[in-house]
Amino acid sequence: MRIIDYIFIGLLGLFFEKVQAIDIQVGPATHHKSLKAAIAQAQPGDTLCIQSGLYREGNLVIDKSLTLIGEGEVVLDGQHRYEVLTITASNVTVMGLTIKNAGKASLSDLAAIKIRGAQGVQILHNRIEKAVFGIYFEKTQHSRVIGNEIIAQHTNAQSAGNGIHVWKSEHLYIANNRIEGHRDGIYFEFVDDSKVLRNHSEGNLRYGLHFMFSHRDDYRHNVFVRNGAGIAVMYSRQVKMYHNQFRESWGNASNGLLLKEITDSEVAYNYFEKNTIGTYVEGAVRVNIEHNHFHANGWAIKLRGSSYDNVFRYNNFTGNSFDLSVTSSIVQNEISQNYWSRYTGYDLNRDGKGDVPYHPVSIYSVVVEEVPPSLILMRSFTMDLLEKTEKTIPSLTPEKLVDAQPLMKQLPL
Amino acid sequence: MNTKILKYVVLDILQSRFVVAYTLLLFAVSVSLFTLEGNVDKGILSLLNVVLIVVPLLSVVFSTIHFYNSYEFIELLLAQPVPRLKILMSQYAGVALSLSLALALGMGLPIVLFAYGEVGLSLLASGVLLTLIFTAIGFLSAVLTRDKAKGIGIALLLWFYFAILYDGLVLYILFSFSDYPLEKLTLLLVSLNPVDLGRIVILLKMDIAALMGYTGALYQQFFGSVLGILFSLGIMVLWWTLPISISSLVFRKKDL
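Which chain is which? The protein sequence lines are A and B, in order. FYI, this note's numbering numbers position 310 of the first sequence as 378, with every residue one higher than the one before it. FYI, this note's numbering numbers position 222 of the second sequence as 240, with every residue one higher than the one before it.
Source of the hints: derived by calculation from the structure; they are not laboratory data. Keep in mind the model is a prediction, meaning the values are calculated, not measured. Please note that a few of the clues may not be correct.
Claimed, not checked - Below, a sample of chain A positions facing chain B; criterion: calculated Cβ distance under 8 Å:
{"id": "1", "residue": "Y303"}
{"id": "2", "residue": "T344"}
{"id": "3", "residue": "S389"}
{"id": "4", "residue": "V439"}
{"id": "5", "residue": "S448"}
{"id": "6", "residue": "F449"}
{"id": "7", "residue": "T450"}
As the list claims (entries may be wrong) - The calculated lysine-lysine pairs, modelled on DSSO-like cross-linking and capped at a C-alpha distance of 30 Å, are:
{"id": "8", "chain 1": "A", "residue 1": "K207", "chain 2": "A", "residue 2": "K308"}
{"id": "9", "chain 1": "B", "residue 1": "K166", "chain 2": "A", "residue 2": "K477"}
{"id": "10", "chain 1": "B", "residue 1": "K60", "chain 2": "A", "residue 2": "K459"}
{"id": "11", "chain 1": "A", "residue 1": "K207", "chain 2": "A", "residue 2": "K132"}
{"id": "12", "chain 1": "B", "residue 1": "K223", "chain 2": "A", "residue 2": "K459"}
{"id": "13", "chain 1": "A", "residue 1": "K236", "chain 2": "A", "residue 2": "K172"}
{"id": "14", "chain 1": "A", "residue 1": "K456", "chain 2": "A", "residue 2": "K328"}
{"id": "15", "chain 1": "B", "residue 1": "K60", "chain 2": "A", "residue 2": "K421"}
{"id": "16", "chain 1": "A", "residue 1": "K477", "chain 2": "B", "residue 2": "K104"}
{"id": "17", "chain 1": "A", "residue 1": "K263", "chain 2": "A", "residue 2": "K308"}
{"id": "18", "chain 1": "B", "residue 1": "K104", "chain 2": "B", "residue 2": "K168"}
{"id": "19", "chain 1": "A", "residue 1": "K101", "chain 2": "A", "residue 2": "K168"}
{"id": "20", "chain 1": "B", "residue 1": "K166", "chain 2": "B", "residue 2": "K104"}
{"id": "21", "chain 1": "B", "residue 1": "K60", "chain 2": "A", "residue 2": "K468"}
{"id": "22", "chain 1": "B", "residue 1": "K60", "chain 2": "A", "residue 2": "K456"}
{"id": "23", "chain 1": "B", "residue 1": "K104", "chain 2": "A", "residue 2": "K456"}
We treat Cβ as the ideally placed atom computed from N, Cα and C, and that holds for glycine.
Just chain A, same shape as in the assembly (with noise of 0.2 Å):
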């Protein structure tokens, strides 16, 4: 990935670049020991090449279409009071920094490198340690945030920041970064057109990738382990979700993925492992769910209420305590041609499909929904018979909810 970058730099380069610019070789060894000073001096497309070394310059704003390199182990210390840098000018770049020690402030959000207003904007394999806020864009179009590593070890989700933090901009490109640590992961809101793919997020306190009122946002091949939920998805339209892994979210009330008020989006080819909950879906309407894989979570899927024409076909539900549980017996949302693992029918005329209805919902999980404490139950003899019972003479689950075409054979995933 690095050389396709470097290449569509230089392109970029030659694109934007004027005739004039000039390299500057910034650096305790240099002419330029203060970054600020080269950054003042430096004309608009000038290259800024940053030898090793520890700079504590406080915040360094860049005003300018510049592009940072850092040679060898920059790294730019906050010192825990300033936000380091400040992009206000289309078309920077800023590629390897190690950027360390970002400030807190209570009134406003400092950020280690905070993108305001512009276009255009790059930034490349850095590492930023200890930040409360990572990487922050305000109103920024056509940027791309490729290969960072943005690190910190919060423990308080209130006084945390995200990792990468967008506010209302359009055509962003995020991938192949790892976030850990911070309040989300990934945070968006009132962000349109974007691209989020192959991120891995983990151990983040709230979600591994947040976003509201973003539409038409194409995420791909992320991975999500062990953050407090995977993904939330909420007040968003014609959203895109493709492979993305999602794993071990664990908690009272800890999803893989949390569905809300989204309508018209695709979630296809995820792989959802060992989460409470691997799918929470509420207030979603034409949503498709289709080859997706829960395995071994608590529940694979909750719907709640004023969810409709869904369509849940073609998933793999393997060793789940749970496959589905629901608050409403109206059925208002297709389940076909999934394949349970708990299914015990026959297939007579050998299409692949069994002939018997499945039953997702399980009486168990009506009484558990009922009454909590009843959880402690689980694969009792007790239940095993009302679940029986329930089979043949159907009274508590709801009656129409089925999937009338169960697979027989598992899907290849």
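Put chain B on the given structure of chain A with help from the hints.
Quick look at chain B alone, frame taken from chain A:
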């Protein structure tokens, strides 16, 4: 305990071939469950029911019948200068040992072969503990009455109560008082039943994700902590020693 009597009891049980049949049955069931389901998790799930229902049933019935069948032998021993407590303890140890061995071989071997891991081993541990407990319960019901039919009746009734009826009663209580916070009461209630405790030990290893949700977190915290494990082990041991102590008290003064 008297090792000579113990030796004789074990040899006697082996001669009756019941234990050999029990071992083979467990082995056949476990192997077929593991291979037929094609999925180790499913096999473990089915074995769970064997451990929670079949193992207690066989232990309780076999120990009761065995006690009645060796009545004449016990009477003979009582004529010798051997303390009564020693005789009963040797009898119990003999039965419990052979049944536990049968379980360890019949079910333990397939588990080690197909499903070696935390879940499998906790399944086995629960099985052994339940064997010890229900053998003790069997002895208690046999000591309580001279009538063989009555004794087996009591044993079956106790098994039915612990293995099947009890969870239904708990569920009924939970439903009736669902307006109140019941988490702690539920903890108490399930602690009063060795079968439930055995199930929870396995549950904690198997359904960990679901148990982390809502009230489950409380159970997980409690039974998952060192204190909780000690607590449940303690209760299990209590369920094991209590029937045995009562039966020895009864047996000491019993007019045979």
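Verification of the supplied hints:
Hint status for Y303(A) relative to chain B: violated, with the closest Cβ pair at about 25 Å, above 8 Å. Using the Cβ-Cβ criterion of 8 Å, the hint placing T344(A) at the interface with chain B is satisfied: the shortest such distance is roughly 4 Å. Restraint check, S389(A) versus chain B: the minimum CB separation of about 4 Å is within 8 Å; hint holds. A distance limit of 8 Å between C-beta atoms decides the matter here; for V439(A) the minimum to chain B is near 5 Å, and the interface restraint holds.
Restraint check, S448(A) versus chain B: the minimum CB separation of about 4 Å is within 8 Å; hint holds. Interface hint status for F449(A): upheld, as the beta-carbon distance to the closest one in chain B is roughly 6 Å, under 8 Å. Because the beta carbon of T450(A) sits about 4 Å from the nearest beta carbon in chain B, less than 8 Å, this interface hint is met. A threshold of 30 Å between alpha carbons decides the hint, and for K207(A) with K308(A) the separation of about 23 Å falls inside it, so the pair holds.
For the suggested pair K166(B) and K477(A), the alpha carbons sit about 52 Å apart, so the restraint of at most 30 Å is broken. For a cut-off of 30 Å, the pair hint linking K60(B) to K459(A) stands: about 19 Å separates their Cα positions. About 17 Å separates the Cα atoms of K207(A) and K132(A), which keeps this hinted pair within 30 Å; it holds. Using a Cα cut-off of 30 Å, the hinted pair K223(B) and K459(A) holds, with the two alpha carbons roughly 28 Å apart.
This hinted pair checks out: K236(A) and K172(A) have alpha carbons roughly 22 Å apart, not beyond 30 Å. Restraint check for K456(A) and K328(A): not satisfied, since their Cα atoms lie roughly 34 Å apart, outside the 30 Å limit. Taking the CA atoms of K60(B) and K421(A), the gap is about 21 Å. The hint holds against a cut of 30 Å. Restraint check for K477(A) and K104(B): not satisfied, since their Cα atoms lie roughly 59 Å apart, outside the 30 Å limit.
For the hint pairing K263(A) with K308(A), the CA-to-CA distance comes to about 10 Å; that is within 30 Å, so the pair holds. Taken as a hint, the K104(B) and K168(B) pair is honoured in the structure, with Cα atoms around 25 Å apart against an allowance of 30 Å. Taken as a hint, the K101(A) and K168(A) pair is honoured in the structure, with Cα atoms around 20 Å apart against an allowance of 30 Å. Distance hint between K166(B) and K104(B) is fulfilled; the C-alpha atoms sit about 23 Å from each other, no more than 30 Å.
Distance restraint check for K60(B) and K468(A): the Cα-Cα separation of roughly 27 Å lies within the 30 Å cut-off, and the hinted pair is therefore satisfied. Distance check on the hinted pair: K60(B) and K456(A) sit about 17 Å apart at the alpha-carbon level, within 30 Å; holds. As the CA atoms of K104(B) and K456(A) are separated by approximately 47 Å, the hinted pair breaks the 30 Å bound.
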